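In order, the protein sequence lines correspond to chains E and C. Counting from 1, position 68 in the first sequence corresponds to residue 71 in our numbering; the numbering is continuous, with no gaps. Counting from 1, position 60 in the second sequence corresponds to residue 116 in our numbering; the numbering is continuous, with no gaps.
In short, the hints are calculated from the structure, not lab data. For clarity, every value in this text was computed on a predicted model and none was experimentally measured. One or more hints might be untrue.
To be verified - Partner residues aside, some chain E positions facing chain C, computed with beta carbon under 8 Å:
| id | residue |
| --- | --- |
| 1 | F13 |
| 2 | M44 |
| 3 | L46 |
| 4 | A53 |
| 5 | G56 |
| 6 | V63 |
| 7 | Y67 |
| 8 | R75 |
| 9 | F106 |
We put the CB at the ideal spot given by N, CA and C, even for glycine.
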Amino acid sequence: NAGVTQTPKFQVLKTGQSMTLQCAQDMNHNSMYWYRQDPGMGLRLIYYSASEGTTDKGEVPNGYNVSRLNKREFSLRLESAAPSQTSVYFCASRRDLNEKLFFGSGTQLSVL
Amino acid sequence: DQQVKQNSPSLSVQEGRISILNCDYTNSMFDYFLWYKKYPAEGPTFLISISSIKDKNEDGRFTVFLNKSAKHLSLHIVPSQPGDSAVYFCAARVGGAQKLVFGQGTRLTINP
Chain E
4 NAGVTQTPKF QVLKTGQSMT LQCAQDMNHN SMYWYRQDPG MGLRLIYYSA
54 SEGTTDKGEV PNGYNVSRLN KREFSLRLES AAPSQTSVYF CASRRDLNEK
104 LFFGSGTQLS VL
Chain C
57 DQQVKQNSPS LSVQEGRISI LNCDYTNSMF DYFLWYKKYP AEGPTFLISI
107 SSIKDKNEDG RFTVFLNKSA KHLSLHIVPS QPGDSAVYFC AARVGGAQKL
157 VFGQGTRLTI NP
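The following block holds chain E by itself, in its conformation from the complex (with noise of 0.2 Å):
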């Protein structure tokens, strides 16, 4: 019973470079969402899934892209890295809105 799976755990990039951070979940959840987490800042949405085929900005989406390619996979772009964007990355997911988030081990992308 994986429940949601990053990959990669580690990254480091150079100023420029970009990078593509994937997440799956196998739970049959609707929902799926990308955080980072910046010390003194907690957990800040970056974009979120509300189901299939659709996606929205959260509270932080400069720099980043998303796709949601099927239900279970929800992948977060870094076009064009930059070192403000070196944080720890957490996918989560949930089944509906009256449910809780199960989270992602993380990814720790450091930007050089």
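Please arrange chain C on chain E, whose structure you already have, making use of the hints.
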């Protein structure tokens, strides 16, 4: 604009005693509150929640109290155990909204 605030970055408590973690919010439209617990190198996991129609919710050693007039909630852990050492996030939601707003987190350390 930090709508959910955890003003204590860290808290140290002796094993067996009570741990009290506090959280303040500014948005009076929040109607559902949650606490998440996070161990290093893992994603947050749901701990306990409370609806705004209640002022208390218990689950084993964990109790959450909500004071709507003060816009304040607290998490009580009794008795505290070494395994409770973690970062605790409070979060809040406006009814029907996809977004959970998180506080900055409080690092709880339980000393033997």
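Y67 of chain E as chain C interface residue, shortest Cβ-Cβ below 8 Å = violated, 16 Å
Should the hint that M44 of chain E touches chain C count as held when the rule is a Cβ pair under 8 Å?
-> holds, 6 Å
Is the hint on L46 of chain E kept, meaning its closest Cβ partner in chain C is under 8 Å away?
-> At about 4 Å, which falls below the 8 Å cut-off, the nearest Cβ of chain C leaves the hint on L46 of chain E intact, so it holds.
At a threshold of 8 Å, is the proposed contact between G56 of chain E and chain C supported by beta-carbon distances?
-> violated, 15 Å
When the nearest CB of chain C is found for F106 of chain E, is that gap smaller than 8 Å?
-> holds, 3 Å
Interface hint compliance - F13 of chain E to chain C, C-beta minimum distance less than 8 Å = Since the shortest Cβ distance to chain C is 10 Å, the answer is violated.
Hint validity - V63 of chain E Cβ closer than 8 Å to any chain C Cβ | violated, 11 Å
Closest C-beta approach of A53 of chain E to chain C relative to 8 Å, hint status | holds, 6 Å
Would you check whether R75 of chain E satisfies its interface hint, that is, whether its CB is within less than 8 Å of any CB in chain C?
-> violated, 17 Å
In summary, the structure is inconsistent with hints 1, 5, 6, 7 and 8 from the numbered list given earlier, while agreeing with the others.
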